[in-house]
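Asks: Sequence:
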Amino acid sequence: MEKETLYRYVKCQATPDEELAVLEWLDRDPAHGRLLSEIQRQHDLVALSGPLIDRYHDAHGPARRLVRLRRWSAVAAMLALVLFGGYHYLQSRRMTRLSEQMLAIEVPYGQHLKLTLQDGTSVWLNAGSTLRYPALFPKRERRVEIEGEARFEVVRDAQRPFVVETYACDLEVLGTKFNVEADPESRRFSTALFEGCVAVTNRLVAGERVVLSPNRMVTLCGGHLQVGDVVNTDAYRWTEGIINLTGQSFPELMERFEKAFGVTIRLERVPEIHIGQGKIRQSIGIDNALQVLQQFADFRYDKDEQTNTVTIR
0 MEKETLYRYV KCQATPDEEL AVLEWLDRDP AHGRLLSEIQ RQHDLVALSG PLIDRYHDAH
60 GPARRLVRLR RWSAVAAMLA LVLFGGYHYL QSRRMTRLSE QMLAIEVPYG QHLKLTLQDG
120 TSVWLNAGST LRYPALFPKR ERRVEIEGEA RFEVVRDAQR PFVVETYACD LEVLGTKFNV
180 EADPESRRFS TALFEGCVAV TNRLVAGERV VLSPNRMVTL CGGHLQVGDV VNTDAYRWTE
240 GIINLTGQSF PELMERFEKA FGVTIRLERV PEIHIGQGKI RQSIGIDNAL QVLQQFADFR
300 YDKDEQTNTV TIR
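For the sequence shown, numbering that gives the first Met the number 0 assigns the number 0 to the initial residue and increments by one for each residue that follows.
Just so you know, the hints here were simulated from the structure itself, not pulled from any lab data. Hints should not be assumed to be uniformly reliable.
[What the hints assert, rightly or not] For lysine-lysine, the following BS3-like pairs were computed, each having C-alpha atoms within a straight-line distance of at most 25 Å:
1. K302 <-> K278
2. K113 <-> K302
3. K176 <-> K278
As the structure is a computational prediction, the values presented were derived from the model and not from experiment.
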């Protein structure tokens, strides 16, 4: 970490990105904290002691240098105590400000993204999804907001539960692996648990809450939570670039294709489709994906390269 950045940090002149970088740097090694404390102490000592020394020097001649030194030692000791408390007060204020500062990541269609939060939790975001999270988690809980689809591998911290907030439900965990999909436009919500334990609280119906065990899932049906088994794990392999085809209607598949391939799909007609079990890779592209579906449904399509629009006929 460059000392210029640390100097700006202790003088409260760092940018939000620099503050976050310093906090991450502090987490990597306890020795970093001692170095920053020393820089903070030196800065505050110089800032507060300069005027005091000048006034004391003006009031006393050279003959009283020894007495001045002893008195200054006492003053310095008192200043050190004040500065130590002041440093921790400033740190507390910075932590509070960062915990209130919300960051957002939006994943465009045609892509998916993996990131690691500052507590070590891994998050995969599917295409068209948005994650909102604080620049620094507060002491009581780790809360994030998701719109779209995401997979979490949460680092366990018994003192700070991890809460995922969606338009429909809140999910509270300590350390676990799960997938959540929450789309407020289509009013779709589901959570599938792979490891650990998740408590799902319905925000739409007061008092409705379920606790999931591994390989169980919950969906929102008619505003209420419905629990079942995870039947098809291919549905959650989008983190590997795999699109599940099993048990979905043609409009549902087209919605997933729009997000996965980053195109706009217009339906002039809705063909019937029945796929017992199947999956395709995102890497094959929209044309090959539609040609695979043509083996199971009767339709034609045109693609406008300029507008990146597919029309189903």
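Asks: None of the hints should be skipped; say for each whether it holds.
Replies: Tested hints:
1. K302 <-> K278: 23 Å, holds
2. K113 <-> K302: 30 Å, violated
3. K176 <-> K278: Since the Cα atoms of K176 and K278 sit roughly 23 Å apart, the hinted pair holds (cutoff 25 Å).
In this structure, the one hint that does not hold is number 2.
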